[in-house]
Amino acid sequence: MPAYATNMRFKFPIVALALEIVTIILFALFAVYDDGKGHGHSAHSNETHHEEKPLDLYPMFQDVHVMIFIGFGFLMTFLKRYGFSSVGINLLLAAFGLQWGLLMQGIWHLDDGKIKISIFKIINADFSTATVLISFGAVLGKTSPVQLLIMTILEITIFSINEHLVANVLKANDVGASMIIHAYGAYFGLAVARVLYRPGLRNGHENDGSVYHSDMFAMIGTVFLWMFWPSFNSAIAEPGYTQLTAVINTYLSLAACVMSAYAISSLVEHKGKLDMVHIQNATLAGGVAVGTCADMNIEPFGAMLIGLVAGIISTLGFKFLTPILSSNLGIQDTCGVHNLHGMPGILGGLAGIVAVALGKKEGGSAAMQAAALASSLGFALVGGFLTGFIMKLPIWGQPPDQNCFDDSIYWEVPEEEDENEESLAHADHSKNKAEA
Amino acid sequence: MPAYATNMRFKFPIVALALEIVTIILFALFAVYDDGKGHGHSAHSNETHHEEKPLDLYPMFQDVHVMIFIGFGFLMTFLKRYGFSSVGINLLLAAFGLQWGLLMQGIWHLDDGKIKISIFKIINADFSTATVLISFGAVLGKTSPVQLLIMTILEITIFSINEHLVANVLKANDVGASMIIHAYGAYFGLAVARVLYRPGLRNGHENDGSVYHSDMFAMIGTVFLWMFWPSFNSAIAEPGYTQLTAVINTYLSLAACVMSAYAISSLVEHKGKLDMVHIQNATLAGGVAVGTCADMNIEPFGAMLIGLVAGIISTLGFKFLTPILSSNLGIQDTCGVHNLHGMPGILGGLAGIVAVALGKKEGGSAAMQAAALASSLGFALVGGFLTGFIMKLPIWGQPPDQNCFDDSIYWEVPEEEDENEESLAHADHSKNKAEA
Amino acid sequence: MPAYATNMRFKFPIVALALEIVTIILFALFAVYDDGKGHGHSAHSNETHHEEKPLDLYPMFQDVHVMIFIGFGFLMTFLKRYGFSSVGINLLLAAFGLQWGLLMQGIWHLDDGKIKISIFKIINADFSTATVLISFGAVLGKTSPVQLLIMTILEITIFSINEHLVANVLKANDVGASMIIHAYGAYFGLAVARVLYRPGLRNGHENDGSVYHSDMFAMIGTVFLWMFWPSFNSAIAEPGYTQLTAVINTYLSLAACVMSAYAISSLVEHKGKLDMVHIQNATLAGGVAVGTCADMNIEPFGAMLIGLVAGIISTLGFKFLTPILSSNLGIQDTCGVHNLHGMPGILGGLAGIVAVALGKKEGGSAAMQAAALASSLGFALVGGFLTGFIMKLPIWGQPPDQNCFDDSIYWEVPEEEDENEESLAHADHSKNKAEA
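Chains as they are written, first to last, in the UniProt record's numbering: chain A, 1 to 436; chain B, 1 to 436; chain C, 1 to 436.
This is chain A alone, in the form it adopts within the complex (with noise of 0.2 angstroms):
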């Protein structure tokens, strides 16, 4: 069966080595450091930062940073056998991603023909990548890092064109890119799992699922997430008491976020019991929701509303959504990333179709933020579409059903541990309860 190639060997070393070569080729013909002789920075935000020093962002960098490889990368290691590569393969990606981010973002705004590297510039390489580590979420366990490689180059790319198109030629606001990421991530990744469906996981797997410690791990990735988002949501925003709005609208819509999550949680749970995958994604939805809107003058009421409502909605998507996609729609989206950043992305594109309408952001037009959140979600599902069936193709290897979730694919995996023991005496344990 070639379509479930599982050795690397070759494929994967030559993958990677060839895309890194041609990157530092580009980089040699297009990319130079700041000399803050530019004509001003540009991205999705269209403010310029003249009188900032080179370094002043970087505080902001060094959290979004954290964000994009602890947050990211820890918050998928909670499925039980799959750490190393949810920890390992969103190095992978977010590394090569943030190069590919660089120059897909740098070609829009090119100075002298070179791409004049800044810190606000590699703020948003980490972001472009930050759409990827969403997609891979939705696909987590049942991909190949080759497949996975090919969809960082694809979705950056696609990114690319439709973050220009939202900031340049719109000039709609997304400041903690609440459509142009997140939303734009999430139905990018589900696009990408309907066209990779797995009849054969229909009725799950015994590796989908947690162990009390791996839902520790997930607890480091969720708490940074959840610290830092203020700083993603402001890192490029106007400097001054702009950012300092965006900071506090993130700040206050998280900590509601967070009430209403654990309420609902515990709400819909068995005997009122509180649900890791719901604390560990749903408190974040705050910070999503709030995006758009968070450097406008919403009122910290207005963003602890966004807040308490975006926990509910992710709460209810992850107990009774998430189910209804696998089953009807055949949409297996392992960590539920349409609850977390598709659903609270609308909501922050919508919350700002409110906001501008009621005036709440000085210039800006409730028609085009419409049209940013449709630009957005037509990109994700067109770009995600054709990535999944170009991700299909058999060359680039792709796990068996049975080998799904589960590291010791791709990874070599400590023999000797005390792990492995349990897992077989566990699984014994389990047929024999099954046979009886």
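No wet-lab data here; the hints were simulated from the structure.
Values in this document were obtained by computation on a predicted structure and should not be read as measured data.
Hints should not be assumed to be uniformly reliable.
To be verified - Short derived list, chain A residues pointing at chain C, Cβ under 10 angstroms:
hint, residue
1, Phe10
2, Ala28
3, His65
4, Ile70
5, Phe74
6, Arg81
7, Ala94
8, Val195
9, Arg198
10, Gly209
11, Pro239
12, Val354
13, Pro400
14, Asn403
C-beta atoms are modelled at their ideal positions from N, C-alpha and C, and glycine is treated no differently.
Chain A is fixed; fit chains B and C onto it per the hints.
Positioned in the frame of chain A, the structure of chains B and C alone reads:
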């Protein structure tokens, strides 16, 4: 036994949502963004920061944020079966507490009838939650989420009164909050623990201890607290060289404290071995104890002496005092907050009195320092007893003795996980031993 | 066998307390706060920072701090039964080392007979501890805490001499310290390991390996090191665009290094699988190798080429060179520091020579760069051998072969824990296999 109603299905969601909605209404009435046009900041420091840019304190805020959510959260994950609650309920209480703290601290410093939210204010809001998280450590494993939300409201409200008294009426110095956060939080929690005394746990509980990996998770909390403590003690210091002094004093006090905590741990333990409980906690006592005089001119060696003594006192407390408190005074202090925050907090208050008396802080008064310490202890004990009695009301639910220190009473714990198997196997094994 | 006296009860506390008290006395004599009125900073960079505010470097300091305490600490937790020691002794050595480093570096740069402590100085103090933590990796699991404290004193003292020589006499460039920290620390540690060679471990040790969860903890260290390395390499660079260059070069070198480390890991491993040892370590070699020329005008693609080569060399080193060092040269390098810090450090020194020769750094001299590399290696090897012989003195204690790589010799390890049960069960199981 209605006092032990463990089903949280309606009670918890209703309380959490009601609190959040009330909070949002209060924010709608009182909270606005800081626009830089106010009458200066004020909090438990009485300096103003007129020439600062709105985000100058943001990196320090994020350090404090990490201490609150990762530091306190993971420090408490040392218990073998209580990691979900430690990090998860820590997130819940802090997320609610920071909102409540913004309101409670804000009403003492209204500006045109409004609370103007700045980075300075959200640092103080984070600080106010620290008192609750310290007290949480004293009652860890023995309280329900609803009880803890009640404690959060009351403790922060009382904290805000004491803080106002100490900073604005007594005009005492407590830049790193040895008195108003650490001593207050510890004795408040110990008073609550006294009221909630459980005779049934007199002889210990099988889950009231660590396993290898839970001790490793706890070290994540310890090390992040240790690293960022200089930010905690200096965040609201007067900008410039005074703030630098606070950083350096805390950096050095913590370093000296590590040496004495390790030395004493080895000295008092069987065969000279190190004890993880001491290492996780007593290494931090230097940060607590140097808090009050962090911004004073005590000289680097003065800070190191304070840290040295704090490490000794704290380790000895864990070894000799905690068992006495439990068996003789009915104070079951799960995390030993008396040793990490209580005694070192008092030491910090006393050091502050001495330092001010020696003229190490311009304009300080030793009598006012002493009054501040007494006030903090008084509010803590009286407030803690009252809060304990309110928390004891059967309506809030409370776990039965046998379900203490166990996540599964309030959380969906993965059923099919390896750990449960082990626990069962282990429990059987222990029983066999006991029967043999 | 007195050389293997494992009881630390009096030896360790006395040594630790005596060292701390001597240190405090020296601080009382020599250390004061920086008041901004000094004659300029100086360290292994010879720039001055007159116009900076006292806390401008504080966020970068905290990044470096995280690398020292979380990064190095958790990176070494990969061993299955040595996590307490890895993160705990790392904390001990670094906490003492930073105090000792402040003194040793400070005596070369006295200001009116005093060491004026600034953020710049505490960054350098943290840096000096990095040499010890690198060497610690080489001897991990085979040394007592007392031996390691002795190593800390000697290694930092010798480091300070070499650093003074390199920066102030030779006036060589080494902003990211490829030579004076990484190469020095690695070869110092390898020389110590050579002297402490244990024939009894020639055929390995059952605890000298990882389990699934210990590899996950190690990834926390890896990712924090990886993310904050741009701060390490730029913290003491000249403020402004030079510092920006150091950030960007490191960011890109690390990204390229991830790609080559993953590619080569897959290429050399059985069935093309990835090996956690490579991923945990070799992904960081790009940060080491770009250190010396981080602030030079090597262009972004130059930094990426350095990272690409570093990732290849480092991974191949782990696969092919480490076994040879162990079996043929008697150098048992537990963490493979030769591959992460040794060879990439030399590569960094060589790259610096080439870059300076090509005129990428104003005022640089290729000969002085070469002298700096030779000096660093010379001090490392001679200092390491001498230190090794001192550490070998029976008085300091040393674990017997069978207790190597095992926390329980120096720590109270939870007796009633699940893991022990497993280990025992597992050990039995292995034995059965072996006997079968």
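Hint-by-hint comparison with the structure:
1. This hint holds: Phe10 (chain A) has a C-beta 7 angstroms from the nearest C-beta of chain C, less than the 10 angstroms allowed.
2. Annotation: Ala28 (chain A) was flagged as interfacial toward chain C, and the flag holds, the nearest CB pair being 4 angstroms apart, inside 10 angstroms.
3. With its C-beta approaching chain C no nearer than about 5 angstroms, His65 (chain A) sits inside the 10 angstroms limit, and its interface hint holds.
4. Against a cut-off of 10 angstroms between C-beta atoms, the interface hint on Ile70 (chain A) holds, since the closest Cβ of chain C lies about 6 angstroms away.
5. With 10 angstroms as the threshold, the beta carbon of Phe74 (chain A) comes within range of chain C, its nearest partner Cβ sitting at about 8 angstroms, so the hint holds.
6. At its closest, the beta carbon of Arg81 (chain A) sits 8 angstroms from a beta carbon of chain C; the interface hint therefore holds under the 10 angstroms criterion.
7. Because the closest C-beta pair between Ala94 (chain A) and chain C is about 9 angstroms apart, less than 10 angstroms, the hint holds.
8. The criterion of a C-beta within 10 angstroms of any C-beta in chain C is not met by Val195 (chain A), whose closest approach is roughly 25 angstroms, and the hint is violated.
9. Taking 10 angstroms as the C-beta contact cut-off toward chain C, the hint placing Arg198 (chain A) at the interface is violated, the least distance being around 22 angstroms.
10. For the restraint placing Gly209 (chain A) at the interface with chain C, the shortest Cβ-Cβ distance is roughly 16 angstroms, beyond the 10 angstroms limit, so the hint is violated.
11. Taking 10 angstroms as the C-beta contact cut-off toward chain C, the hint placing Pro239 (chain A) at the interface is violated, the least distance being around 16 angstroms.
12. With a least beta-carbon distance of about 36 angstroms to chain C, the hint placing Val354 (chain A) at the interface is violated under the 10 angstroms criterion.
13. Given the 10 angstroms rule on beta carbons, the hint for Pro400 (chain A) is violated: about 14 angstroms separates it from the nearest Cβ of chain C.
14. Because the closest C-beta pair between Asn403 (chain A) and chain C is about 12 angstroms apart, greater than 10 angstroms, the hint is violated.
The earlier numbered hints that this structure contradicts are 8, 9, 10, 11, 12, 13, 14.
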